[in-house]
Amino acid sequence: MFQLQPNRFPAVDAQNIIFIVRPKLALMDLIADYILKIESMRGPKKEFHIFFVPRKNELCQERLKERRVWGNFTNKIEYTVELFPVDCDVLSMELETSFK
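Letter 44 of the sequence shown, counting from 1, is numbered 43 in numbering that gives the first Met the number 0, and no numbers are missing.
Treat the hints as calculated values from the structure; they're not laboratory data.
Computed from a predicted structure; not experimentally measured.
Among the hints, erroneous ones may be present.
[Claimed, not checked] Keeping only pairs whose Cα atoms sit at most 20 Å apart, straight-line, the calculated SDA-like set for lysine to any residue is: (1) Lys23 to Trp69; (2) Lys64 to Tyr33; (3) Lys45 to Leu3; (4) Lys36 to Tyr78; (5) Lys36 to Lys55; (6) Lys45 to Lys75; (7) Lys75 to Leu3; (8) Lys75 to Met40; (9) Lys75 to Arg41; (10) Lys64 to Glu46; (11) Lys64 to Arg41; (12) Lys55 to Glu77; (13) Lys55 to Tyr78; (14) Lys75 to Gly42; (15) Lys75 to Asp86; (16) Lys55 to Lys75; (17) Lys55 to Leu26; (18) Lys36 to Phe18.
Generate the whole structure from the sequences, applying the supplied hints.
See below:
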């Protein structure tokens, strides 16, 4: 698992690359840059998948379409996750506005 950062592209040998992201425009630009970099390199064809947590955002989809990478995704999934079990009696609330 890698965290995407500007101008830092981790080398991955896997055929399937999965992005699990919150719907934020800055992240869409990082994803687009990464996909364009991978596609420009020679090597085996990669399959890209994106999971939006907790929901898709129309602006993010449009940004990926503007960057011409929306069609590169094999799967575009909305993955609604609001709680993660950390232990048998501890839950992590993944709602951004839960503590504001």
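Numbers of unmet hints, in rising order
Hint check: 4, 5, 8, 9, 11, 14, 15 fail, others pass.
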